[in-house]
Structure formats: structure tokens, C-alpha cells
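Chains as they are written, first to last, in our numbering: chain B, 1 to 162; chain A, 1 to 502.
Hints are supplied without guarantee of correctness; some may be wrong.
Claimed, not checked - One-sided excerpt, in silico: chain A residues whose CB lies under 7 Å from chain B:
(1) V191
(2) L446
(3) E448
By construction, these hints were calculated from the structure, which means they are not laboratory data. In this text the structure is predicted, and so the values were computed from the model without any measurement. Every residue gets a Cβ at the ideal spot worked out from N, C-alpha and C, and that includes glycine.
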Amino acid sequence: MTFQGEPVARPGRGGRSDRFAAVVIFLVSSLYIRYALTFQPPRFRSEALGPATFPLMIGGLMVVCSVLLFVESLRRAPEPPAAWRRSLPALALWGLLLAYSVVLERLGFPLATALFLAPSFRLLGVRPWWRCLLYAVAVTAAAWYAFAALDVRLPRGEWWRR
Amino acid sequence: MSDTWQHLLFGFQVALRPENLALALAGAVVGTIVGVLPGIGPVGGIALLLPLTFRLPPASAMIMLTAVYYGTMYGGSTTSILMNVPGEASSVVTTFDGYAMARQGRAGPALAIAAVGSFIAGTLSTIALTFFSPLLATWGLAFGPPEYFGLMVFGLSAVSSLAGESLVKALLSMGFGLMLATVGTDLVTGVPRYTFNIPYLLDGIDFVVVVIGLFAVSEVMVSAEAAVGEVRVPVKIERIWLSLKDFVQSFWAIIRGSVIGFYIGILPAAGATIASFLAYSVEKQLARDPSTFGRGDIRGVAAPESANNAAAVGNMIPMLTLGIPGSSTTALMMGALLVLNVVPGPMLFQQHPDVVWGLVASMYVSNLVLLILNLPLVGLFVRILYVPERVLLPAILAICVVGTYAVNFSAFDLLTMTVLGLGAYYLRKNDYPLGPAVLGLVLGDLMEQNLRRALIMSKGSPAIFVARPVSAVLLALSVLSLCAPALLRLARRRRSAEAAAG
Chain B
1 MTFQGEPVAR PGRGGRSDRF AAVVIFLVSS LYIRYALTFQ PPRFRSEALG
51 PATFPLMIGG LMVVCSVLLF VESLRRAPEP PAAWRRSLPA LALWGLLLAY
101 SVVLERLGFP LATALFLAPS FRLLGVRPWW RCLLYAVAVT AAAWYAFAAL
151 DVRLPRGEWW RR
Chain A
1 MSDTWQHLLF GFQVALRPEN LALALAGAVV GTIVGVLPGI GPVGGIALLL
51 PLTFRLPPAS AMIMLTAVYY GTMYGGSTTS ILMNVPGEAS SVVTTFDGYA
101 MARQGRAGPA LAIAAVGSFI AGTLSTIALT FFSPLLATWG LAFGPPEYFG
151 LMVFGLSAVS SLAGESLVKA LLSMGFGLML ATVGTDLVTG VPRYTFNIPY
201 LLDGIDFVVV VIGLFAVSEV MVSAEAAVGE VRVPVKIERI WLSLKDFVQS
251 FWAIIRGSVI GFYIGILPAA GATIASFLAY SVEKQLARDP STFGRGDIRG
301 VAAPESANNA AAVGNMIPML TLGIPGSSTT ALMMGALLVL NVVPGPMLFQ
351 QHPDVVWGLV ASMYVSNLVL LILNLPLVGL FVRILYVPER VLLPAILAIC
401 VVGTYAVNFS AFDLLTMTVL GLGAYYLRKN DYPLGPAVLG LVLGDLMEQN
451 LRRALIMSKG SPAIFVARPV SAVLLALSVL SLCAPALLRL ARRRRSAEAA
501 AG
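Full structure from sequences and hints, please.
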């Protein structure tokens, strides 16, 4: 049984990307274990379990599972070559979100939010441009007053005061 | 028994305080809206609303979150019926007969029976919870650290073994959550772990930041892919009303759905989804004419909707009494409690009776509030469905940013959220279930603490986990639940080989 929704499960794809993931997870878990080995417990206490033991258990589990994932991926068909293209809008939206997160404090909430929303609307298909701008300003203003009502202080930005 | 009555009475005094009642109402409204919103499911929605509750006292925060949780369940059935879009796995079954009814012009009765069924199921299972959970909590008091460790291992492995297509991916997702949980200063030895000399990480990554990134951001990204250029329109509805005939016809379906849902809900990992499928197939088998199912039979809406609400209540029992959440949603609620310094488990009933009993009482109240709210107001909530996803999704992302920022007023948290969002998007796209990750994140700390205490008890010998019967049984069950899928597959292959040979 496969369901849509919470655990999104669409079987039958992804041999190549699973293999890639297996390698990445193997490397990351190895680094995770390597870092755990540097944890020095304080001398004066003798605990049954130091700070490194539990992370080592998790790291071990991850290493074993990444190897299993690699083996499992060999049995799967590789995905069609252009499959990643479908993800482009989502990735572009993520790029905008990243930029938004970076500039939020500097530009302040109102400006940063409007500058994030307008191109995002455009990206997802709102036409024409003036409509994107109008929605962006409207949503920003609504959010600003809603959060002010909830007593959440959002940054106004450095340019505001000058 | 009389104790329970007294506790419950006390709980109602907490739940019916004007401010808590207002929070329950607000939570129910917001939850329903989030449930109806396309592009974000209940788990993402609850994650998004967590920051709202952190300034409240624990009991009020829990009351509001429960109302939100119930609200999202009600809202989810609305989109299943009107648009054939289940908001989450547990309302997939509702689309079979619900959407069929809507297309026959019977959207009103379908929505009404979903609301009435959910109310009856929710209330019945809350009654069961009221009397059952103190017993379980008393039983849980006898648990020591080895038993707790065993219980958590069992909870994690049961959830992983049932989640998604690949057990390896589920375990990797669980390990990812556990890894995130180890970031920060080790509470016992004071050693900083995985902090990379970044001062923000000394306290660990904030739970809210992680879950908004994992659930809300990634969910919006997945929806964005589908939303480009697509416009979905809901079926029109007339009056939301239920004839006596409809009610009588579905009455036993509601009762059976409640019982099935409640018992399935208590089991770890087997949550609302399995309950709703099971309730539906039971009704279909009991029906005199099963062919009406799938073509707009009202019992096909009543049974799964009752079952998933009852399961939602049943799910709360292991979380509250033993501290083991069995689903992503209850894991989120438990995470919220931990942030508020309230540790769920048997001690909760003694240390924070106001939280437990206020919560139980508010479950009764939320159910009633949602019934009263939903019958007349569904039409209003449905309006939200006319807002296109391409406008909603960026707005939801802006709320993710504000919600995350409001936790610590830190730009570092925003980056963490964004990066985790991209990671979770990759996981979703490649069929990794996210439930085990959030469970690992919530249980990681507690697991380590109990492992430590157990080993101190045994002076370092791991034999204690096998020597104590309860923990031995729990660990054996964990191994069994991890091996079960493989064993089943093997048995099936052998059977089909025999069939081919004979």
C-alpha cells in the first residue's frame, strides 16, 4: 500500500540518487564518528557511559544502513535522466527562501518579505507582474499587523531609522 | 475510579477557564484553516503553529495544540470530500466515498457525517482514555531506566518498520533525527558535541526550528512542484445537514469505527492511517450490498472519519502515560511539552496533574467546539480552497520564516531551518519517511539518559537489558518488528513459489 501525504512514498525510482546518497551518508557518518572520538569526558568523573558512546552507536547504525542502501540501490533502475527538471520550481523557490533568510535582519521584515514574495508568486505562475507586487504588499502588510497583534517584534531593518 | 472523577473535574476547571477556552477556540479555528489549506498537511501545520504556544503556561499550550490537532483532522476531511485531495494519509479512504457523494450533490451530508462521526468517535475514545490512561501510568511507574530504554527502542523500531517502502531508508531517517538530537552540550558531562565552535549550537538546535524546516518548508516545496500552472476547484456545496435516515444508516459504522480506531491508535506506529483503512474494509465486508462502497455510500465516510479521530485520541495514550509517541503528530506534541520542561510519562500524572487532566478535559471541549464550529461554518472554511496554491505557498514560507525567527530572534536559526528544509525535500522526493526522524529527534536525549542510568545501575554491564524481563521482551519485540517485513516477504515468495510449482 502506498499513500499520498505524510510519508510521501513513490516507489520504483531513484537507483542512481540512492547510490549517491549512500556514499554521502557513509562519509558524513564517518565524520560524525570521527568527531565523537575526540570527545573527552572530564577526568574526575567515571561514568558508565561517556559523551561519545551514544553518538558512536548512532554513527555505527548509520554506516551499516548506508552500506545496505548502497546494496539496495544496485537492484533499482536508474531514474529517467530529466527527472530533476521537475524539481526546478521548488529549488528556485528554495533559493529565494535562502536569500530571504539571509537578508531578513538587514533589510527588515517588510522590505525583505515583499522582495521575497513578489518573485515567488511570479515563479509559481501569478501573472502579470503588477499582480505579484500587489499580492506581495498585501500579504506583507497583513502579516506585519497580525504578528504585531501577537506581540512578536519583527525587525524593521537598519535603513528604517536613518 | 472516584479518583478519576475528581481529577477530571479538576481538569474541567482548568480547561474551562476563560483564557483556556478562548485558546481552544482559537486553536480549533486555526487548526481547521490549516487542515483545509492545500499545500500543507497537519504535521507541517502543527509545526508552523508551535511558536505561538511557547509563551503560554504548559497546560494552556497543550490545550491549544490539541485543539489545533483536532482542527486539522476536521479540515483534512473537508478537502478529501470536496476536492478528492486527502491532506494526509489517514484521510485517503475518505475520498473514496466522500468525493463520490460530493459529485452526486450530497457534499452536505458527507461533510455533516464526517463532523458528527468525528465528534462521537472523539468523545467515546476520550472517555476510554480518561479511564484507561491512569491505569497505564500506574503500571508505567514500575518502569526503571532499562525498561524505558527498551520501550524507546521498541517505539523507534516499530515506527521505522511500518513507515514507507524501504526499512533501510526509515532507519536512516531515524538515525538522522538521533544525530540532530546529539548536537549541543552533553547534559551529564558538560562536553560540547557537534557544535563546531559555533556558540548558537551549544544549547542544541531548537526543536521548533528543526520541525518547521523538516515538515513545513519541505512540504511547501513539494507542493510548489505540483502547483505550477495547476488550478483545482472544489465541488460546490449546498446546505450542511444530515437527515435522520443518513444518521441511522451510519450509526453503527461510527461506533465500530470508534472502537477499531481507538485500539489501533494505542499501538505504537499503527496510527490513524491503518485504522481508517481497517474501519472502511470492515464496513464493506459487513454491508449487505458491498458494491455501493466507492460509489458514494455514507458509511464509507462515517467509518474512516470516526476511526481516524478515535486513533488520534488513542495515539495520545502511549505518549502521555509512557512518553513514547507513536506518530509524527504526537511526537510533535511531545517535543512541544519537552520544550516547556514537561516530560511526558507516568510521572507526568503526579507532577503536572493540571497539564494531564486539563488536556483530557480540553479534548472533550475541543470536540464539542469543532462540531459546533464546523456544521454551520464549513462553507466559510471552504472559501479558503478558492485561494490558489501559487499565492498560498509563498505566504506559508513567509510564515515559516517569521515563526522560526520569533523563537530566538536569531538569523542563525533561519539558516538552519532553510538548510534542513532542503534536506527534508530531498528525503521526501526519494521516499524517505520523515516520521522516524522526528521521533528520533524527540527521543534521542531521553534514550541516552536512560541508557546511562541503566548502565550505572548495572555498573556498566549491558546484560541488565536482557536480565530484566520487561526490557528483554521489549528489545526482542524490537528485533522482531524490524525483521517482520523481511520475513513476511520471504514467506510470500515461498508461497508463490509453491503455488507456481503445484
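Results of checking the hints against the structure:
Taking 7 Å as the C-beta contact cut-off toward chain B, the hint placing V191/A at the interface holds, the least distance being around 4 Å. A distance limit of 7 Å between C-beta atoms decides the matter here; for L446/A the minimum to chain B is near 11 Å, and the interface restraint is violated. Given the 7 Å rule on beta carbons, the hint for E448/A holds: about 4 Å separates it from the nearest Cβ of chain B.
In this structure, the one hint that does not hold is number 2.
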